[in-house]
Amino acid sequence: MNESLLRELVPAVIGAPDLPRYAAVTAYLHERAGDLEHAAELYAEASRAATSVPERDHLTQEAARVRQLLRP
Amino acid sequence: MKYLLLKHYRGGPVPAVDQVPMDRWTPEEVDAHMQFMHDFAARLEETGEFVEGQALAPEGAFVRYDGEGRPPVTDGPFAETKDLIAGWMVVDVESWDRAVALAGELSAAPGAGGEPIHEWLEVRPFLTESPTVTE
Numbered sequence: 001m002n003e004s005l006l007r008e009l010v011p012a013v014i015g016a017p018d019l020p021r022y023a024a025v026t027a028y029l030h031e032r033a034g035d036l037e038h039a040a041e042l043y044a045e046a047s048r049a050a051t052s053v054p055e056r057d058h059l060t061q062e063a064a065r066v067r068q069l070l071r072p
Numbered sequence: 001m002k003y004l005l006l007k008h009y010r011g012g013p014v015p016a017v018d019q020v021p022m023d024r025w026t027p028e029e030v031d032a033h034m035q036f037m038h039d040f041a042a043r044l045e046e047t048g049e050f051v052e053g054q055a056l057a058p059e060g061a062f063v064r065y066d067g068e069g070r071p072p073v074t075d076g077p078f079a080e081t082k083d084l085i086a087g088w089m090v091v092d093v094e095s096w097d098r099a100v101a102l103a104g105e106l107s108a109a110p111g112a113g114g115e116p117i118h119e120w121l122e123v124r125p126f127l128t129e130s131p132t133v134t135e
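Chains as they are written, first to last, in this note's numbering: chain V, 1 to 72; chain W, 1 to 135.
For the record, the hints were derived by calculation from the structure and aren't laboratory data.
Keep in mind it's a predicted model, so treat the numbers as computed, not measured.
Backbone N, C-alpha and C fix where the C-beta goes; we use that ideal spot for every residue, glycine too.
Hints should not be assumed to be uniformly reliable.
[What the hints assert, rightly or not] Quick list of the computed label-pair ranges, beta carbon to beta carbon:
| # | chain 1 | residue 1 | chain 2 | residue 2 | range |
| --- | --- | --- | --- | --- | --- |
| 1 | V | 33 | W | 56 | 31 to 37 Å |
| 2 | V | 33 | W | 64 | 44 to 50 Å |
| 3 | V | 72 | W | 18 | 20 to 26 Å |
[Said to hold, decoys possible] Examples of chain W residues lying across from chain V (beta carbon under 8 Å, computed):
| # | residue |
| --- | --- |
| 4 | 18 |
| 5 | 19 |
| 6 | 22 |
| 7 | 24 |
| 8 | 30 |
| 9 | 32 |
| 10 | 34 |
| 11 | 58 |
Assemble the whole structure, with the sequences as input and the hints as a guide.
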């Protein structure tokens, strides 16, 4: 995943890169690109920046889901 | 009598077991934990003991007055070495012992490997506004 392309793309999609959505979108893009380790960390980071319990719970579940994919 | 059950991100007594971050549990373990929390609150709503619950973001700041005409001083983000409250549940129960029993149950929420997390919960009595009158 090209980091500078990512940095350009994400704000264009979601506007100002406020942390919860930026981290969640970046996590999704990393997962799509196959970078699962990084995606799981980003989902976990996004969960800590969530502004509601449902958002936090969803992002925690996403992090756990992606980490599970890394296990043999 | 009302009691506050406080959950801490960090601080409090030494953990009884290693607290594995939730994002490192399996999806099934995360679901089981969330289901447990939901069921616990639902049971207390049925008994009428549930008053309210809130979760807090891990960020924020300490704020104090800095003198006339001056803006308040903020001190943040919170230091990693200091205690940090994660949220609370307020219960209205018959006795301290009941509050302790409930905190003990909540502390048994399943975590990594499906094992109880043995989390320390802080239990604090509310100060009542007026002396209780016994009949």
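Hint check:
Checked against the hint of 31 to 37 Å, the C-beta distance between residue 33/V and residue 56/W comes to roughly 34 Å, which is consistent with it. Our hint of 44 to 50 Å for residue 33/V and residue 64/W holds, since their Cβ atoms are close to 46 Å apart. Between residue 72/V and residue 18/W the C-beta distance comes to about 23 Å, which sits within the given range of 20 to 26 Å. With a cut of 8 Å, the hint placing residue 18/W at the interface with chain V is violated, because the nearest CB-to-CB distance is about 17 Å.
A hinted interface residue such as residue 19/W counts as satisfied when its beta carbon comes closer than 8 Å to some beta carbon of chain V; here the least separation is about 14 Å, so the hint is violated. Because the closest C-beta pair between residue 22/W and chain V is about 5 Å apart, less than 8 Å, the hint holds. Proximity of residue 24/W to chain V holds as hinted, the smallest CB-CB distance being about 6 Å (cut-off 8 Å). The restraint placing residue 30/W at the interface with chain V holds, with a minimum CB-CB distance near 5 Å, inside the 8 Å limit.
Look at residue 32/W: its Cβ only gets to about 11 Å from chain V, farther than 8 Å, so that hint breaks. The beta carbon of residue 34/W is positioned within 8 Å of a beta carbon in chain V (closest approach about 6 Å), and the interface hint is therefore held. Annotation: interface hint on residue 58/W holds; nearest CB of chain V at approximately 6 Å, less than 8 Å.
Hint check: violations occur at hints 4, 5, 9; the rest are consistent with the structure.
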